[in-house]
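K.L.:
In the order they appear, the protein sequences are chains A and B.
When you line the first sequence up against the numbering used here, it's residues 1418 to 1579, in that order.
When you line the second sequence up against the numbering used here, it's residues 36 to 911, in that order.
No lab work stands behind these hints, which were simulated from the structure alone.
For clarity, every value in this text was computed on a predicted model and none was experimentally measured.
Yeah, the Cβ is synthetic: ideal placement off N, Cα and C, and Gly gets one too.
Just to be clear, a hint being listed does not mean it is correct.
Listed next, the stretches of chain A that the computed footprint assigns to chain B, with coverage defined by at least 3 CB atoms under 8 Å from CB atoms of chain B [to be verified]: (1) 1468-1479; (2) 1514-1523.
Think about it this way: if two alpha-carbon atoms lie no more than 20 Å apart in a straight line, the pair counts; the simulated DMTMM-like pairs of lysine to aspartate or glutamate are [stated by the list, open to error]: (3) B:Lys397 <-> B:Asp351; (4) B:Lys582 <-> A:Glu1566; (5) B:Lys582 <-> A:Glu1516; (6) B:Lys701 <-> B:Asp731; (7) A:Lys1514 <-> B:Asp590; (8) B:Lys361 <-> B:Glu320; (9) B:Lys455 <-> B:Glu489; (10) B:Lys339 <-> B:Glu493; (11) B:Lys582 <-> B:Asp602.
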Amino acid sequence: MSNVRDFATGTSGVASGDARDFVTMTIADQLFGIPVLTVQDVLGPQRITRIPLAPAEVAGALNLRGRIVTAIDVRRRLSLPPRAADNQGMSVVVDHKGELYSLIVDAVGEVLSLPGDAYERNPTTLDPRWREVSGGIYRLQGKLLVVLEVARMLDFKRAEAA
Amino acid sequence: MDDLLREFLTESNESLAVLDVELVKLEKDPNDPQLLGNIFRLVHTIKGTCGFLGLPRLEGVAHASENVLGKVRDGDLPVTPAIISVVLESLDRIKWLLATLEQTEAEPAGDDADLIRRLNAAANGEAAAPAAAAPAPVAPAPVAEAPAPVAAAPVAAAPEPAAIEEAAPVEMQAAADKPADKKEQVTGDIKDSSVAAQTIRVNVDLLENLMTMVSELVLTRNQLLQILRSQKDSDFAAPLQRLNHVTSELQEGVMKTRMQPIGNAWAKLPRLIRDLSHELGKKIELVMHGAETELDRQVLELIKDPLTHMVRNSADHGLEMPADRKKAGKPEQGHVTLNAYHEGGHIIIEIADDGRGLSLAKIKQKVLQNGLATDSELSAMSDQQIAQFIFRAGFSTATKVTNVSGRGVGMDVVRTNIEKIGGTIELKTQEGKGTTFTIKIPLTLAIVSALIVECAGERFAIPQISVLELVRAAAGSETTIERVNQSPFLRLRNRLLPLVSLRDMLRLSNGEKEENQETFIVVTQVGNHTFGIMVDRVFDTEEIVVKPVAPILRDVSMFSGNTILGDGSVIMILDPNGIATAIGEAMGETEAAAAAASATSTSGERVALLLFRAGGDAPKAVPLALVSRLEEVEANSIEFSNGRPVVQYRGKLMPLVSVEPGYDVKREGRQPVLVFADRQHSMGLLVDEIVDIVEDHLNVELVADRPGTLGTAIIAGKATDVIDTGHFVTMAFGDWFKAKTAEGYGDAKAGNRRVLLIDDSAFFRNLLSPLLQVAGYEVTTAESANQALGLCEAGKDFDVIVSDIEMPGMNGFEFAETVRKSSRWQDTPIVAMSSHTSAKDMDRGRTAGFADYIPKFDRDALLQTLSQTIASRGAA
């Protein structure tokens, strides 16, 4: 986490005109980012109700101040092994077409403003399952940040087809 | 106020609001012929209606301004601000007159000579003198000011038409106050009418939003109360109590704003019926009761179309032509009756006609034609069951497609729509008397009462409306879940209830199966299907707010929504329709099998049969209705008494009999046993394996000469031995059974009592004779009424006669009547035995001379009835 913080202070001054703000998060030691404006809430561990027969990526549903939010297990979506038992995970709540979805990740970092010139399109060698949900990659100091495309992440049919 | 007048006021005010806008537009664009035509038409309508209603002042003004507009339209006059002003002035006068009319129900005194003069002058092309002269003394607003308020009015009025369309049902309620409403906007200086002050028009979306917010509030309140319960002596207790009350009242209040009298959905029906009666040449009267019964407008909207369709159907198909009615001894005028009332959180709507009723013959024909069922299946069904076929897709019995109905949009659509909103529809019909449809729907869709259940540690909600009852089944208790080839069943009041395991259905278990000591069964009804949902625990019922599931979960048909419970957790709401669909075809079969088992079982009809294997590979079958339980006993618990295997069963010794002689009882593992029980006696039939329950025709084709087998039939495509249970019962109990039975069945010493059994089905005769013999009767069988009468003539005597009702040739009723009238058997009691035991049938049976009426396959009832009948006869 300290790397990120250093990086953040290092880049905040360099933010160019087309810089974008991302909420960063880690999943299996990989850094991910979601455009800050799509994020509604960041939650700690939640009581999640399982939804039987739902796609495997759906972890369940949770109550966010009276609204029912569908929880997506990002690890499962990316075909990663389940989280360690001692990590209860955190949730990033995003709005997609008026519905709220909670993305369960290992940990949530902070908001970074990333300059456009650090952006790369998806490398062709990226795992198809990842390429699907990735909106590109930002080169950070010592780390790479994968941009998560929320809309594509919620499109499970594509996942099955892939 | 007169309805006609009220309508006129409403309509005119609406027209005037439009006119204001149009005239201002015309001033800007004087050469739009369409606009002019429209204005002219509106004024013309007002004039025409005034004349019709006898309102001379209004008519005068309207006439004069129509003249002006007519000339403008014809191009005789140019559009000038002066002309527009004078026409607007006339409109203001009309508005003022209308307002007075609404308040006093009469035109005010005075005349409009000055205005009319100026209008006429304008019409004649004279440069109308601006209204320098004082306007008519009664005129409310100075003419010079007129355009200003008018210009303002359209702005206020403009959103109205849109709102009206959107808020159709609300509009009706508001219709009464609409004139006042408008007036308020247009002529602000007129005192607000009292009606207007009491009502406002609100966009329906706003109400919907309010409702959603209140629902949230209710949920939050529930959460708070839950927390409070866990804390004693909290400072929050008192304020929370108040919050609780206020929330409840608020909820009630907001619900009320959404409530609409059902009469709103009926508003178009009188007209519909009137048109129909002309079109069809029938005399129809529409009777409506309970039009004031209120229900949620959302629900109202959804049932409007089905209701209209059904009323149309009743008038078109239900009622006969006047001539036919006369012939049938009914008044020429037919009635279609609508009745609505509340019943415990639901609204019941009945649509009844006193017409010809559903023609069962036609339905049967159509069923056969469409291949929905076979002839023999149909004959096994009750009249009501057959009538239900009209709810199947693509089913219309109207032989010709009329303009009115029978266009393929059938009752199936009606039923689907009603079920969609969690309602049910039932149908009762009597040929010649009429048909009644009963619709039961929830009052509101927003908040429903739901049963909370638990399965595999997860909680689910089941809408209360689909839940019939709860049954607790525990190992070792009276009610146990029995399995046939893994499929679970429950015996519920002499019917086999198919069960579905929620655990399996929702794939909740992770591979390993937990066997529970006790299981709760939620008996659920969807349409005509009844099935049980097996769950681990049942909690309370809770009022829940149904929220739709996220779009990515829409494919999961098992859930109709989700909600947040009082404790703040999210819970999925099970959709009984979805579950019924998921178990789909299997469901239909077992349903029919259960129905068949309870209804009838004569040869050639479909019967539920239990298939099993015992000694040899050939499958064996026994009618399921005869088996009382399926058990598996531990092989090492089988003991031997007198060299015969017995097992301790429910505190008694139960003899075990093998199908084939020399059958080896299993030494280890579990031994499947079919238990046959007669009152206090049980015997077990040892089998190798229980294969399946099938529903098939039972035609014993090869009569066996082996004891214990009735014969061989083709069941499920295989030659199958049908076993003779009577034989094994005798084997199990031997002689002592007779003595016991005689004792068990009361004072009538069954021994030597002679019974005549009349049934056209060989299978049934074969099934019953051993049973009666075992009970100590001397049984003679006859396969037809005529054969029985032959026995009578031949001088045979019996103590009691048991007769089937449906038989080829002379049926049971006729037989009883014949016997009662003039035969030696006049005094011999006759007991009817039939699959149809409705009150009507019983009455008919009693009139025909039957001593008693028993359902087929109820052996206990048969033996009991026989002994009672004989006893009472002995006493007489």
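K.L.:
Let me make sure I understand: some of the numbered hints might not hold for this structure. Which ones are they, in numerical order?
P.N.:
Result: hints 4, 6, 9 and 10 break, sorted rising.
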